[in-house]
Amino acid sequence: MSYCVNCGVELDPSLTRCPLCNTPVINPNEMEPNLLPPFPYPQKRGQVDAVKRTDLALLISVVLIGTALTCGLLNLFIYRFGHWSFYVIGACAVLWIFCIPMLLYSRLSIYLSILLDALASALYIGIIAYDLPDSTWYIGLFVPVLLLALALLLAFVYTVRKICRSILSTATAFVIVCGLFCVGLELLIRRFFDARLYITWSSIVLSCCTIIAAALITVTVRSRLREAVRRRMHL
Amino acid sequence: MRKPHRRATGGKPRENWYQLDLSGNVYPTLQSKRFSSVFRVGIVLKEAVDPAVLEQAFHMTLPRFPLMTSAIHKGLFWRYLEPNHAPLPPVREDIINPCMPMPFKSNNRYLIRLYYFENSFSLEIFHSLTDGTGALYFLRTLAAVYLRLKGYPIPDGCGVLDIHEPVPREELEDSYMRYARSRFRPKRAQEKAYRLRGTKEPFYTLNIVSGTLPTDRLLEVSGDFGVSVTEYLNSVLLFALMQEQKARRPFRELPLKIAMPVNLRRFFPSRTMRNFITMVYPSIDPRMGDYTFPEIVQQVHHYMRYYLNDKFLGADITTNAATRTNPVIRAVPLFIKDLFVRQFYIRIQDKQSSAGLTNLGTVDVPDEMRPHVDHFEILMGQPFSERTNCAVSTFGNQTVINFASSIVETDVEKFFFRKLVQDHIPVKIKSNRTMEVR
Chain A
1 MSYCVNCGVE
11 LDPSLTRCPL
21 CNTPVINPNE
31 MEPNLLPPFP
41 YPQKRGQVDA
51 VKRTDLALLI
61 SVVLIGTALT
71 CGLLNLFIYR
81 FGHWSFYVIG
91 ACAVLWIFCI
101 PMLLYSRLSI
111 YLSILLDALA
121 SALYIGIIAY
131 DLPDSTWYIG
141 LFVPVLLLAL
151 ALLLAFVYTV
161 RKICRSILST
171 ATAFVIVCGL
181 FCVGLELLIR
191 RFFDARLYIT
201 WSSIVLSCCT
211 IIAAALITVT
221 VRSRLREAVR
231 RRMHL
Chain B
1 MRKPHRRATG
11 GKPRENWYQL
21 DLSGNVYPTL
31 QSKRFSSVFR
41 VGIVLKEAVD
51 PAVLEQAFHM
61 TLPRFPLMTS
71 AIHKGLFWRY
81 LEPNHAPLPP
91 VREDIINPCM
101 PMPFKSNNRY
111 LIRLYYFENS
121 FSLEIFHSLT
131 DGTGALYFLR
141 TLAAVYLRLK
151 GYPIPDGCGV
161 LDIHEPVPRE
171 ELEDSYMRYA
181 RSRFRPKRAQ
191 EKAYRLRGTK
201 EPFYTLNIVS
211 GTLPTDRLLE
221 VSGDFGVSVT
231 EYLNSVLLFA
241 LMQEQKARRP
251 FRELPLKIAM
261 PVNLRRFFPS
271 RTMRNFITMV
281 YPSIDPRMGD
291 YTFPEIVQQV
301 HHYMRYYLND
311 KFLGADITTN
321 AATRTNPVIR
331 AVPLFIKDLF
341 VRQFYIRIQD
351 KQSSAGLTNL
361 GTVDVPDEMR
371 PHVDHFEILM
381 GQPFSERTNC
391 AVSTFGNQTV
401 INFASSIVET
411 DVEKFFFRKL
421 VQDHIPVKIK
431 SNRTMEVR
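Note that the protein sequences, when read in sequence, are chains A and B. Under the working numbering, the residue at position 1 of the first sequence is numbered 1, and the numbers go up by one with no gaps. Under the working numbering, the residue at position 302 of the second sequence is numbered 302, and the numbers go up by one with no gaps.
Read the hints as simulated data drawn from the structure, not as lab findings. The model shown is predicted, which means the values in this text are computed figures rather than measured ones. Errors might be hidden in some of the hints.
[Said to hold, decoys possible] A short, non-exhaustive set of chain A residues, derived as facing chain B with CB atoms under 10 angstroms:
(1) 6
(2) 12
(3) 46
(4) 48
(5) 51
(6) 140
[Claimed, not checked] In silico lysine to any residue, SDA-like type, Cα no more than 20 angstroms apart, as pairs:
(7) A:52 x B:200
(8) B:200 x A:100
(9) A:52 x B:86
(10) A:52 x B:103
(11) A:162 x B:199
(12) B:74 x A:57
(13) B:105 x A:78
All residues carry an ideal CB built from backbone N, CA and C; glycine is no exception.
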């Protein structure tokens, strides 16, 4: 039977520290850690039950496939002008891919989900490029921009999930990503138009982002400043 | 499964479905991926629990409580409960992080979970189905059926219901609508209370700090102050919150309020097994000056004596019932109601209290069952915001006070139990925390 020297409460024999004040329990007569009695609570960690949404997934799939098929047939046999049904079929495919993580496979990794969404976007814009007379912009501009956005988005998600612990650090990562994207976008545009590779407007965005990120990092690192900001900015 | 009655007064149970009661309507609105209004009642026996027998007892008891097997569904204007004919839920091994969110469409749509661990079993229920009193009736009946299956002769009565009798229609009624008969609807004070600030725990972590006290000593100390146990414990919690606020040295102090559910069955002759509670807010305002502990006790005592009577409580539930009877509100589609109710709860209701405290009082069981039961445990479940909730239950000479929170800091619990020790009440602490407190 041990008591907390700070709180005066009797502690369960399984406790090595007082759960109220964190004071360690030191009983000179019982220094052998292996003699600790069993933990009075279960050790197993519970998971929230998964929700089955297969019915909704089936319904949405039927509606999307039906729409795509009907439009394809109408385009093929009745309204034969242009390839208008490609837009509808592409939109249906994009919507279906966007719905996968929500409906069919909710435990899909977020990175894989973003990758699939990027592929769906590439597919849809590809359909538009195919239908337009000049499609050089697709390979020359759109695909590099999409790859840049994808890389930055994946990096941002990884940072937020693994490193960022607060709203401030998440905001810092977001601002940095925005700045880098603008620089990359301008360079890719210039490359597409065979212009000299240097930055103009994006340098202003990058400067602003750098200043904001520096301010946010300072606030994040200085705990007193962080607390002051939290007090003044709380909603 | 037994069908609900065709006609009943008050809550209008219809054939095969039930309207949600007044409180029950709010909890699904707050439902999210990260939050469910789930609470837990548990019983600790004096022998190890046999899960196979427990499951048998569980499935035998459930039909006596038709609301417990209901599933929640969305209508155009309101949600409602419908009997669920899916296979009955299994008994599960207990977990370290109780009161996890309960998605409506998971678990075969059942809104109830039963866990076992060594000598104990615990029931987790979504709050729209019933309140603590209803859950305790279910738990005691389940425990009695379990013990009977183990060969002990346990009679009905003292909270144990006869599982073979037909369900009385009074048990299914919405008593709020029956007793919301006040001719006056008082406006409620909507003043912001002090709110705890703490470091959020990782997702699905519920920290429990459980204190066990001798009931006779608690009664003695409360008696010395001339107040009831509930009033005394409320005062101790307010005292702890006052110390916590002072320790933070705030720029501007705020009133300290406790949200305390009151069992309305004590004031109105209702036998309902559905929700029948209302909230009262014992409070102190440190802006008026520093309170001594005896002053807090007097403040809480007089507040309780002034407000806890059928007139005030009846007027309170009439104010609440107005939202249910107003024809304009009734005609608003559910998703718009959800939007407004959720925002109202986040911006106003949740900010009105600093902590929650519920006291389910002394749990009564038949004398033949008493030797098999060690104690009962109640958990208020995951708090909606960063704060701590306190639930009290008494069985024999053991009063168990369970604090549940999703924050790392334990300052309120520390000040609370230290105050009890200062008042010469011995406290034994256990906790499910596996990480160090700050």
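Hint check: residue 200 (chain B) vs residue 100 (chain A), CA-CA at most 20 angstroms. Holds or violated?
Roughly 31 angstroms between the alpha carbons, so the hint for residue 200 (chain B) and residue 100 (chain A) is violated.
With a cut-off of 10 angstroms, does the beta carbon of residue 12 (chain A) approach a beta carbon of chain B closely enough for the hint to hold?
holds, 4 angstroms
Would you check whether residue 51 (chain A) satisfies its interface hint, that is, whether its CB is within less than 10 angstroms of any CB in chain B?
With a minimum Cβ separation of about 4 angstroms from chain B (threshold 10 angstroms), the hint on residue 51 (chain A) holds.
Chain B contact restraint for residue 48 (chain A) - C-beta distance below 10 angstroms:
Hint on residue 48 (chain A): holds, closest Cβ of chain B at ~5 angstroms, below 10 angstroms.
Measure nothing beyond the straight line between the CA atoms of residue 162 (chain A) and residue 199 (chain B); if it is 20 angstroms or shorter, mark the hint as holding.
holds, 18 angstroms
What's the verdict on residue 74 (chain B) and residue 57 (chain A), does the C-alpha distance respect the 20 angstroms limit or exceed it?
Holds, at about 19 angstroms.
When you check the alpha-carbon spacing of residue 52 (chain A) and residue 200 (chain B), does it fall within 20 angstroms?
violated, 29 angstroms
Per-residue hint verdict: residue 6 (chain A), partner chain B, C-beta under 10 angstroms
This interface hint holds because 8 angstroms falls under the 10 angstroms limit.
Between the alpha carbons of residue 105 (chain B) and residue 78 (chain A), is the straight-line distance 20 angstroms or under?
Violated, because 44 angstroms separates the two Cα atoms, which is more than 20 angstroms.
Hint check: is the beta carbon of residue 46 (chain A) less than 10 angstroms from a beta carbon of chain B?
holds, 3 angstroms
With a cut-off of 20 angstroms on the C-alpha distance, tell me whether residue 52 (chain A) and residue 103 (chain B) pass.
holds, 10 angstroms
Can you verify the interface hint for residue 140 (chain A): is its Cβ closer than 10 angstroms to any Cβ in chain B?
Residue 140 (chain A) check fails; min Cβ-Cβ to chain B is 42 angstroms, beyond 10 angstroms.
Taken one by one, the earlier hints fail for this structure at numbers 6, 7, 8, 13, listed in ascending order.
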